[in-house]
Amino acid sequence: MLKGNLSDLPLLELLQALATGSGGTLRIQAPGVEGAVGLAGRRVAYAEALGLSGMDALILLTGLRQGRFAYVGEPPPASNVEGSMEAVLTDLAAVADEWKKLTHLPEDWSRTLRQAAGRREIELALDELGVFADAEGKTVAEVLAVPGEVLERARALDRLLKNQALTSLPTQGVGPVTLVALPYYGPPSPVAYVDLELYQRWAEKIGDPFKLRVRSPRGMEASYRVEPREQIPERIMLHDRELRKLRAGRGTKLKVMPEVEDGPIKP
Amino acid sequence: MDLLSLNALLNRYVWGPEMMLVFLAVGLYLTVRTGFVQFSKIGVIFRETLGAIRERALGAGGEITPFQATMVALGATMGQGNLIGVTAAILIGGPGAIFWMWIAGILGMATKFAEATLAVHFRQRYADGSVSGGPMFYLSRGLPKGLRWLGGLYALLAALAAFGIGNLTQSSAMAGSLEAAFGVPVGLTGFFVAVIAAFILAGGVRRIAAFSQTLVPLMLLGFLAAGAYALVVHAGALAGAFAAIFQHAFGAQAAAGGAAGYALQQTLKAGVGRGIFSNEAGLGSAAIAHAQAQVDHPVRQGFWGVIEVFLDTLVVNTVMALIVLASGVWQGTKSAPQAFVAAWDFPGGSSVATVVLALFVFTTLVSWGFYGEEAAGFLLGDGIRWPYRITYIVFAFVGALGGFELLTAVADTLNGLMAVPNLLGLVLLGGTVAGLVRGFFRGEPWHPPR
Numbered sequence: 001m002l003k004g005n006l007s008d009l010p011l012l013e014l015l016q017a018l019a020t021g022s023g024g025t026l027r028i029q030a031p032g033v034e035g036a037v038g039l040a041g042r043r044v045a046y047a048e049a050l051g052l053s054g055m056d057a058l059i060l061l062t063g064l065r066q067g068r069f070a071y072v073g074e075p076p077p078a079s080n081v082e083g084s085m086e087a088v089l090t091d092l093a094a095v096a097d098e099w100k101k102l103t104h105l106p107e108d109w110s111r112t113l114r115q116a117a118g119r120r121e122i123e124l125a126l127d128e129l130g131v132f133a134d135a136e137g138k139t140v141a142e143v144l145a146v147p148g149e150v151l152e153r154a155r156a157l158d159r160l161l162k163n164q165a166l167t168s169l170p171t172q173g174v175g176p177v178t179l180v181a182l183p184y185y186g187p188p189s190p191v192a193y194v195d196l197e198l199y200q201r202w203a204e205k206i207g208d209p210f211k212l213r214v215r216s217p218r219g220m221e222a223s224y225r226v227e228p229r230e231q232i233p234e235r236i237m238l239h240d241r242e243l244r245k246l247r248a249g250r251g252t253k254l255k256v257m258p259e260v261e262d263g264p265i266k267p
Numbered sequence: 268m269d270l271l272s273l274n275a276l277l278n279r280y281v282w283g284p285e286m287m288l289v290f291l292a293v294g295l296y297l298t299v300r301t302g303f304v305q306f307s308k309i310g311v312i313f314r315e316t317l318g319a320i321r322e323r324a325l326g327a328g329g330e331i332t333p334f335q336a337t338m339v340a341l342g343a344t345m346g347q348g349n350l351i352g353v354t355a356a357i358l359i360g361g362p363g364a365i366f367w368m369w370i371a372g373i374l375g376m377a378t379k380f381a382e383a384t385l386a387v388h389f390r391q392r393y394a395d396g397s398v399s400g401g402p403m404f405y406l407s408r409g410l411p412k413g414l415r416w417l418g419g420l421y422a423l424l425a426a427l428a429a430f431g432i433g434n435l436t437q438s439s440a441m442a443g444s445l446e447a448a449f450g451v452p453v454g455l456t457g458f459f460v461a462v463i464a465a466f467i468l469a470g471g472v473r474r475i476a477a478f479s480q481t482l483v484p485l486m487l488l489g490f491l492a493a494g495a496y497a498l499v500v501h502a503g504a505l506a507g508a509f510a511a512i513f514q515h516a517f518g519a520q521a522a523a524g525g526a527a528g529y530a531l532q533q534t535l536k537a538g539v540g541r542g543i544f545s546n547e548a549g550l551g552s553a554a555i556a557h558a559q560a561q562v563d564h565p566v567r568q569g570f571w572g573v574i575e576v577f578l579d580t581l582v583v584n585t586v587m588a589l590i591v592l593a594s595g596v597w598q599g600t601k602s603a604p605q606a607f608v609a610a611w612d613f614p615g616g617s618s619v620a621t622v623v624l625a626l627f628v629f630t631t632l633v634s635w636g637f638y639g640e641e642a643a644g645f646l647l648g649d650g651i652r653w654p655y656r657i658t659y660i661v662f663a664f665v666g667a668l669g670g671f672e673l674l675t676a677v678a679d680t681l682n683g684l685m686a687v688p689n690l691l692g693l694v695l696l697g698g699t700v701a702g703l704v705r706g707f708f709r710g711e712p713w714h715p716p717r
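Residue numbers (my numbering), protein chains in the order written: chain S, 1 to 267; chain L, 268 to 717.
Since the hints were made in silico from the structure, they are not lab data.
Everything numeric in this text was worked out from a predicted model, so none of it was measured.
No false leads were mixed into what you were given.
Restraint-style ranges between C-beta atoms, simulated for each label pair:
1) L:Glu711 <-> S:Arg218: 23 to 31 Å
2) L:Leu317 <-> S:Gly4: 45 to 53 Å
3) S:Asp127 <-> L:Arg705: 53 to 61 Å
4) S:Arg218 <-> L:Thr658: 53 to 61 Å
5) L:Phe303 <-> S:Gly186: 13 to 21 Å
6) L:Pro715 <-> S:Leu126: 54 to 62 Å
7) S:Pro176 <-> L:Leu295: 47 to 55 Å
8) S:Arg218 <-> L:Gln391: 37 to 45 Å
9) S:Val72 <-> L:Ser618: 53 to 61 Å
10) L:Pro715 <-> S:Gln164: 46 to 54 Å
Only some residues are given here: those of chain L computed to face chain S with a beta carbon under 7 Å:
11) Arg314
12) Gly318
13) Arg321
14) Asp563
15) Phe708
16) Arg709
Ideal Cβ positions, reconstructed from N, Cα and C, are used throughout, including at glycine.
Construct the complete structure from the given sequences, taking the supplied hints into account.
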C-alpha cells in the first residue's frame, strides 16, 4: 500500500506515477474533504468527493494542497470518468495551473466562511454574489463542491477572500464532537441546548451566536440555534420532535459540528 | 399493655386494610396531580428509560446513573414478597387477587414517580460532589417549618426498620431455603452473606450500584427465563389461569350471599396488599436510591420510578402468579413457602426456585443496608456510617441463625410506620410534583431549591 501526503506529492503527479500500474483505489483524506480516485486498465475510471463524481470530483481533488492519501489494491466500485489517461492528465494539468493562481484560498478547506464584519460597500460580480450569498457558515470545501462549477466558484471565492468580503475561520478544535441526545418536551422549538461549559468554549473560538449542525447515525442532518444549559455534560438536548425527525432518541450518539450563524453583516 | 401486644396492635393498623386505603387514595391523588403520568406519558417513559440505558455512564449532578439507581431500588424492592408473597396472596385471596394487585400497582406507579421525583428535587449536595436524598430530605426540606420533624422521624424509622425488613428477615429466609434445598448449614450461609455484604457495603453507593447494575438485571432475566420455561411446561393451563384472574376478581369463586362478600374482601385485601407492599410505593425507601441518580431534571428519574413498579408488580409478580395458577398448587393445602417451591414442578425446578429466592433476598439485604445507612447518616452525621455498616453486617450473620422473632416483628411494624410520614409528605408536596411535571413538559430547565 502506498501512503503519503498531497503536500509532498500533488494529485496530478501521483496519478502520473500510478498510471503504469495495474489499478486500484486512491483514498484521500484532507481537512473538510474525503474522496477517492479509482484506476483500472491504465486509466482513471472513477472519482468521487463530497458528493461530486467523475471529472467534477477530480477537479476538486486536484485543488487540494494538503491531505493524506493511501493507494490500495481495491478495484474502483464503478466507472464515471471518460477518456484516456493521457486526456485526463492533460485536462488536470490545466486545472492544476488554475488552482495555483488562487493564492487566497486557504490550504485548510475545513475552515468556516463568515461574512466580514463592518458595513462597507463592495462591488461584486454576479458569480461572486452567488458564492457570497451561499458561503456564510459553510466550510470552504462545502462552498466549492457544486457540480459543474468547482473552478468557477473557487475563483469567485478566492476574489471574495482577497477583497475581504469573506473571511475564513478555523474550525479545528471545535468539532465535530459526539454528543448524546437528550430530549426535551413542550412547544416545538428549533433550539438545541449544550452544556454551559462546552457552549462557552465554542463561543470563545468561533464567536457568539453560532449554530449547530447535527448528524444522526442514519446520516440525517439538521441545523439548530444553540443555547447553553447547565448540568448536561456530553449531551445535546433537542426537542423530542426534532429528535424523531432525525430518527434518533434519548441515548443516540449524534455528531455535532458548530458553525457560524447565518445572518447579515454586523454593523 | 406489653410491648408484644402494642406491637401487634400497631402492626395490624400499619399493614391493615385502613392503611391500604390510604395508600390507594394517595396513589389516586398523585395520579390526578401528575396528569395521569403513568398513562398519558407511558410512551415517553419507555423511550426515556430505554434510551437512558444506552447512555451508560453519562450523567450529571449525582453519584450513579439513573439505571444504576433504579437497579439498587429494584434490588431492594424485589424480594420474598414477589415470590412467596404473591403465592400467599393467591392462597388467601384466590386468583382474583392478582387483578387487584395490578390495579394497586398501577396507582403505585404515580406514588413511586412522585417519590423519585421529589428525592432528586430535594436532595442534598455536598462539596465533594456526593449527594444524599430520600423522604427524610424531602420531608425536612420541602414541608412547612412545623412539619419538618417528619424527616427526622422517617429517618429514625428507616434506620431501625432496615435491620428487620432488609436484614434479619432476608438473611433468615435465605439460610432457611438453602438449608432445606441443599442442606447448607445456616451458619455457613450467614457467614458468606455477611462477608459479601460487607465487601459491597464498604464500597459505598458506587460499589452498591456496580453490584446492583450487574446482578439485578441478571437475576431478573434469570427469573423470567426460568418463569417462561415453567409457563411453557404448563402452557395448556395458561389461558385458564388468565381467565381465573378475571373471573375471580369480584369474588366469583365464593358461595352466594355473605360468603361471597367475605371472599371478595379477602381477594381485595390480598391483592391490593401485594400491589402496594411488594413494590414499596408509599414506603419511600426506594427514593433513597433514586436520589443518587445523575439526571438533569427530577422528572426523568420519576420515570424510572414508574418502570420500577412496572417491572416489580406487573412483570415479576404477574409471572410468579401465572406459575402458581397454571401449576395448580394454589388449590392444594400447602403453606405459601411450600406452594412457592412446588409451583416450579419441572426437573430441577425446586433448585431454581431456591436460587431465585436466595438472589432476590440478597439484593434486598444489600440495598436496605444502604437505605439504613443513609437514614442513620441523616440523623447522626457521616460518623455513624461505619458503625452502622458493621452492626448491619453482624445482624446479617446472626439473622441467618434465626430466633429473632420479636426484633423482626418490631422492625416490621417500624417498616410499616415509615409510610405514615411519607404518605403525608407526598400529599403535601403533590403541588411541587405537579409543578415539576408541568415544567418538564414545557421544556423548562430544573432549578433545585436552595
